[in-house]
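There are 2 protein chains.
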Amino acid sequence: MSELFDQLKTKLDRSVALSAALALFEWDAETLAPEEAADHTGKVIGILSEDYFKSLINPEVKSLLGRLEQEENYAKLTLEQKATIRELRRTYKQLASIPSKEYADFCELANKSSSVWAKAKKNDDFTLFEEYLKRIVDYKKQFASYRVTESSEGNPNALYDVLLSDFEPSLSTKELDEFFELIKEKLVPIIDQVKQKQDEIDDSFNTRTYEIEKQRKFCDFISEYVGFDRKKGVIAESAHPFTTNFHNRDVRMTNHYDENNLISTIFSAIHESGHAIYEMQIRDDLTLSLIGGGASMAVHESQSRFYENMIGKTKAFWEPIFESLKETYSKQLADVSLDQFIRAINKSMPGYIRTDADELTYPIHILIRYELEKELFSDQITVHELPKAWKKKYKEYLGLQPKTDTLGVLQDIHWSSGDFGYFPSYAIGSAIAAQIYYFMSEHMDFDTLLRGGNLDQIKAYLGEHIHQYGMIYGMNELLFHMTGERFNPEYYVRYLTEKYTNLYGLDA
Amino acid sequence: MSELFDQLKTKLDRSVALSAALALFEWDAETLAPEEAADHTGKVIGILSEDYFKSLINPEVKSLLGRLEQEENYAKLTLEQKATIRELRRTYKQLASIPSKEYADFCELANKSSSVWAKAKKNDDFTLFEEYLKRIVDYKKQFASYRVTESSEGNPNALYDVLLSDFEPSLSTKELDEFFELIKEKLVPIIDQVKQKQDEIDDSFNTRTYEIEKQRKFCDFISEYVGFDRKKGVIAESAHPFTTNFHNRDVRMTNHYDENNLISTIFSAIHESGHAIYEMQIRDDLTLSLIGGGASMAVHESQSRFYENMIGKTKAFWEPIFESLKETYSKQLADVSLDQFIRAINKSMPGYIRTDADELTYPIHILIRYELEKELFSDQITVHELPKAWKKKYKEYLGLQPKTDTLGVLQDIHWSSGDFGYFPSYAIGSAIAAQIYYFMSEHMDFDTLLRGGNLDQIKAYLGEHIHQYGMIYGMNELLFHMTGERFNPEYYVRYLTEKYTNLYGLDA
Chain A
254 MSELFDQLKT
264 KLDRSVALSA
274 ALALFEWDAE
284 TLAPEEAADH
294 TGKVIGILSE
304 DYFKSLINPE
314 VKSLLGRLEQ
324 EENYAKLTLE
334 QKATIRELRR
344 TYKQLASIPS
354 KEYADFCELA
364 NKSSSVWAKA
374 KKNDDFTLFE
384 EYLKRIVDYK
394 KQFASYRVTE
404 SSEGNPNALY
414 DVLLSDFEPS
424 LSTKELDEFF
434 ELIKEKLVPI
444 IDQVKQKQDE
454 IDDSFNTRTY
464 EIEKQRKFCD
474 FISEYVGFDR
484 KKGVIAESAH
494 PFTTNFHNRD
504 VRMTNHYDEN
514 NLISTIFSAI
524 HESGHAIYEM
534 QIRDDLTLSL
544 IGGGASMAVH
554 ESQSRFYENM
564 IGKTKAFWEP
574 IFESLKETYS
584 KQLADVSLDQ
594 FIRAINKSMP
604 GYIRTDADEL
614 TYPIHILIRY
624 ELEKELFSDQ
634 ITVHELPKAW
644 KKKYKEYLGL
654 QPKTDTLGVL
664 QDIHWSSGDF
674 GYFPSYAIGS
684 AIAAQIYYFM
694 SEHMDFDTLL
704 RGGNLDQIKA
714 YLGEHIHQYG
724 MIYGMNELLF
734 HMTGERFNPE
744 YYVRYLTEKY
754 TNLYGLDA
Chain B
254 MSELFDQLKT
264 KLDRSVALSA
274 ALALFEWDAE
284 TLAPEEAADH
294 TGKVIGILSE
304 DYFKSLINPE
314 VKSLLGRLEQ
324 EENYAKLTLE
334 QKATIRELRR
344 TYKQLASIPS
354 KEYADFCELA
364 NKSSSVWAKA
374 KKNDDFTLFE
384 EYLKRIVDYK
394 KQFASYRVTE
404 SSEGNPNALY
414 DVLLSDFEPS
424 LSTKELDEFF
434 ELIKEKLVPI
444 IDQVKQKQDE
454 IDDSFNTRTY
464 EIEKQRKFCD
474 FISEYVGFDR
484 KKGVIAESAH
494 PFTTNFHNRD
504 VRMTNHYDEN
514 NLISTIFSAI
524 HESGHAIYEM
534 QIRDDLTLSL
544 IGGGASMAVH
554 ESQSRFYENM
564 IGKTKAFWEP
574 IFESLKETYS
584 KQLADVSLDQ
594 FIRAINKSMP
604 GYIRTDADEL
614 TYPIHILIRY
624 ELEKELFSDQ
634 ITVHELPKAW
644 KKKYKEYLGL
654 QPKTDTLGVL
664 QDIHWSSGDF
674 GYFPSYAIGS
684 AIAAQIYYFM
694 SEHMDFDTLL
704 RGGNLDQIKA
714 YLGEHIHQYG
724 MIYGMNELLF
734 HMTGERFNPE
744 YYVRYLTEKY
754 TNLYGLDA
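Just so you know, the sequences run in chain order A and B. Take the first sequence: its letters are residues 254 to 761, numbered as in the working numbering. Take the second sequence: its letters are residues 254 to 761, numbered as in the working numbering.
These aren't lab readings, by the way, just hints derived from the structure by calculation. Any given hint might turn out to be false.
No copy labels: a pair is met if it fits in one copy or bridges any two.
Unchecked claim - The list that follows gives simulated cross-link-like pairs (lysine-lysine, DSSO-like), each with its CA atoms no further than 30 Å apart:
1. K484 - K296
2. K600 - K641
3. K262 - K365
4. K484 - K372
5. K307 - K387
6. K484 - K375
7. K437 - K470
8. K437 - K712
9. K387 - K484
10. K354 - K262
11. K262 - K641
12. K439 - K329
13. K712 - K296
14. K375 - K329
15. K365 - K448
16. K329 - K296
17. K752 - K262
None of the values given here were measured: they were computed from a predicted structure.
Just chain A, same shape as in the assembly (with noise of 0.2 Å):
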């Protein structure tokens, strides 16, 4: 039996080594490939693309899948062994519609249009960008078009549904509708009232100059003292912060130095090594194979969220190194005390850039992509419209309306890599995050924990019943496993409930 896996586990292997090159060159690309390497460099990942492509879809795994999920085979497999097939069943879905051809190109076409993205933000010029991503947005649509079943005929958010479920396969446009619902019923309210009062907790020492080689080495310091192991990682600059991994022993992140916002550099440092922890603490057994990532993008914003908000914004947290904080940045933080420092923090206000936005006002910043993205793939909205509808956006749910389209449409890399149906994921992650924080606070004492600075209980605990199983488990099951209970936003809706109530002194 084992024999017939370990047929397929070979074959695996190569397409696990050659994603792993794949990510080395996307890393590589981001943190520090000279201006002009992207079209030849875009060549060799357009052929690395489509072999890696090939590793997986081709008769011989095809047909070692199917015989591996005949019943009498299937029944003597391991638990591990099970999760591999249905990832790679998974796989299947996605991949085996494309022409291989096509989905090379549309590789190339996608690193290329990363730094394109780039450039149209550093020069505020969505035209320069526009064409590009009509692009990505047509292959996009095209591939989900391969996988539409026969059922969903005549519902516009068929495309969309397919994309999203790339993402995590328990949710589409239903229940994520059914989510935004509940945000927009209990949290806008909330948020009109933290507006009224605005004026209530001042962070305008946070704009102050704050020179990047000490910001550089604090940040480095907290992702360690959170968890992140040197050993095993890496950590550099890029346009947009964002974590990687060729396995569990060389994980790396990023982060971008901004000398006049202190607190979105250090959160943007605390948020990718909850990323970088989660990977650091995969099984070894399982790093290298199809089941060696997160459980989900979902469930991996959980961790992040969760060290970036319920533990890096507490005061507990800061008690043992604020003072630290305040040495590196003797001047600027003179007259600022931990318990300013923490209201600051937290503080809830409308801005125009997700990755900067306060917890309240994130899953905006979130519904307003999503119902763009639907639009986007349900034919309401063109590329060349989503400038306008953007701000038009803005102006509707948190009253904004950026000026530029750097500050605007052009913040986030996703798209240009062809990432649609990805952003939801972050709000579900926050959500997943209050989830394991209320269920965690009944098994330990996060305040006495924080305030000695033991981090390692906390990681441990993430580690044994979120981490180490890789992508065995899904969300739900995951969740089931570790808290008893599926899925739940109601934790999202409470936790935010109780904070900024708190905070704010708002009418319970």
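Got chain A sorted already, so can you dock chain B onto it with the hints?
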């Protein structure tokens, strides 16, 4: 006709892409990867290496190669296509004899071995590295043995000749024995004379403390000054300086900054820039192809040596920029005049470290490695005996005995990745540089160009006559095209004799 070649081309494109991925992993391992990454990454590299191997060595490519070599097909090929066929045949001779699994295992070992070497060098502990090196040598013997022909029966250097031919096809131990005989006969007497006059040049300023950050900045400047294009390249840091590339628009060089050896750092920068300029000037239609690299290791080295020595060590070169160096280190260089500086950078004194060696003693460092490699591959010494043998030869030829292996047998990275037969290319490269120098002197006034800071013309000339061609021509063909003469080591001897006779006022 071209249809048959196009079929081959598509297949070779895959091997080029895989080879770029392997080069990126190697770059990354040397410059950035975290401490614990090597084992897992080694697996990835093993798989990709096997893929690379199979992308070249397979029945389809073999059959296409055979058909394209048939006279009626071959005659119709372009110059570039013929060169591709020649290189592919060479690769077939090198690799086709090695079982693919064996090759993959070797690549995985070589990757790990580089980080083990770095550790051994750091800790001055050859025993850490010994077992790895032994296995590397065994693999290389095994690989070479597959290619030993009947005609070399009874030749004790048969294995080593095979390895040498991988780096410079036109040179074997026969030619190299002659070359090094000439070096010994003509140069050793000069070295002895210079030794008596060691006190005549004072370079004591060189061991003052030069802040690393300023070195980095000045070296970046000087690399760009000689022609390194930052839009097409990256400069980073590693244990041992090297240059690599993925194509002509992404060329990467490293340096190793030594706080107490300014001259070494600066000339490493110029040296690696020479390599990088070569790669950057290879034609767009050749890059990312089987003939997209430099003509040979020796020709590559000739370009780095040309920039380092014939250009970088002249007074004319430093006239426009010496003030900038003095400003960078205003305290450390306050008492150093341009003339003193020029004499110091050309000072000859036997030392332990190859990469720090002056031009005159440099070929002796190579001679020692050449003799040790020859002895290693003809079973006259074992890996275990290397440290001792190393010290003995340094005593014999340069009158010096290194106290540590870090200053001895562990100083160079090459053997850790199995690059035996590589070192002679360095000395041959210097000899080619001298030959090119005398020829170019007839066509341009170096002194005037350099005094005017006009290095573009030199770069353009080398681009036109050497760089652009990639591997279309071999070493002798290239030299003949350019100078009307094949490789001739007499220029090298003449160059060093003239230079050091003048510098030290020796009896001519």
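We went through each hint and held it up to the structure:
1. For the homomeric pair K484 and K296, the shortest alpha-carbon distance between copies (18 Å) is at most 30 Å, but the shortest distance inside one copy (33 Å) is not.
2. Taking the closest pair of Cα atoms, K600 and K641 come within 30 Å of each other only inside a single copy of the chain (29 Å); across copies the shortest separation is 68 Å, beyond that limit.
3. Proximity of K262 to K365 under the C-alpha cut-off of 30 Å is restricted to the inter-copy arrangement: shortest distance 23 Å between copies versus 32 Å within a copy.
4. Taking the shortest Cα distances, K484 and K372 sit within 30 Å of each other only across copies (14 Å), while inside one copy they are farther apart (33 Å).
5. With identical chains, the CA atoms of K307 and K387 are at most 30 Å apart within one copy only, with a shortest distance of 26 Å there and 38 Å across copies.
6. When the C-alpha separation of K484 and K375 is checked against a cutoff of 30 Å, the pair qualifies only between copies, where the shortest distance is 17 Å, while the shortest distance within a copy is 34 Å.
7. For a Cα distance limit of 30 Å, the shortest separation of K437 from K470 qualifies neither inside one copy, at 39 Å, nor across copies, at 53 Å.
8. Taking the shortest Cα distances, K437 and K712 never come within 30 Å of each other, neither inside one copy (33 Å) nor across copies (64 Å).
9. Within a single copy, K387 and K484 get their C-alpha atoms only as close as 41 Å, which misses the 30 Å cut-off; across copies the closest is 28 Å, which meets it.
10. In this assembly of identical chains, K354 and K262 lie within 30 Å of each other by CA distance both inside one copy and across copies; the values are 25 Å within and 17 Å between.
11. In this assembly of identical chains, the alpha carbons of K262 and K641 never lie at most 30 Å apart, being 49 Å within a copy and 47 Å across copies at closest.
12. Taking identical chains as interchangeable, the C-alpha atoms of K439 and K329 are never at most 30 Å apart, the minima being 48 Å within one chain and 76 Å between chains.
13. Taking the shortest Cα distances, K712 and K296 sit within 30 Å of each other only across copies (28 Å), while inside one copy they are farther apart (41 Å).
14. Proximity of K375 and K329 under a CA criterion of 30 Å is satisfied in neither setting, with 55 Å inside one chain copy and 50 Å between copies.
15. With identical chains, the CA atoms of K365 and K448 are never at most 30 Å apart, being 41 Å at best within one copy and 57 Å at best between copies.
16. Taking the closest pair of Cα atoms, K329 and K296 come within 30 Å of each other only across two copies (28 Å); inside a single copy the shortest separation is 43 Å, beyond that limit.
17. Taking the closest pair of Cα atoms, K752 and K262 never come within 30 Å of each other, the shortest separation being 48 Å inside a single copy and 63 Å across copies.
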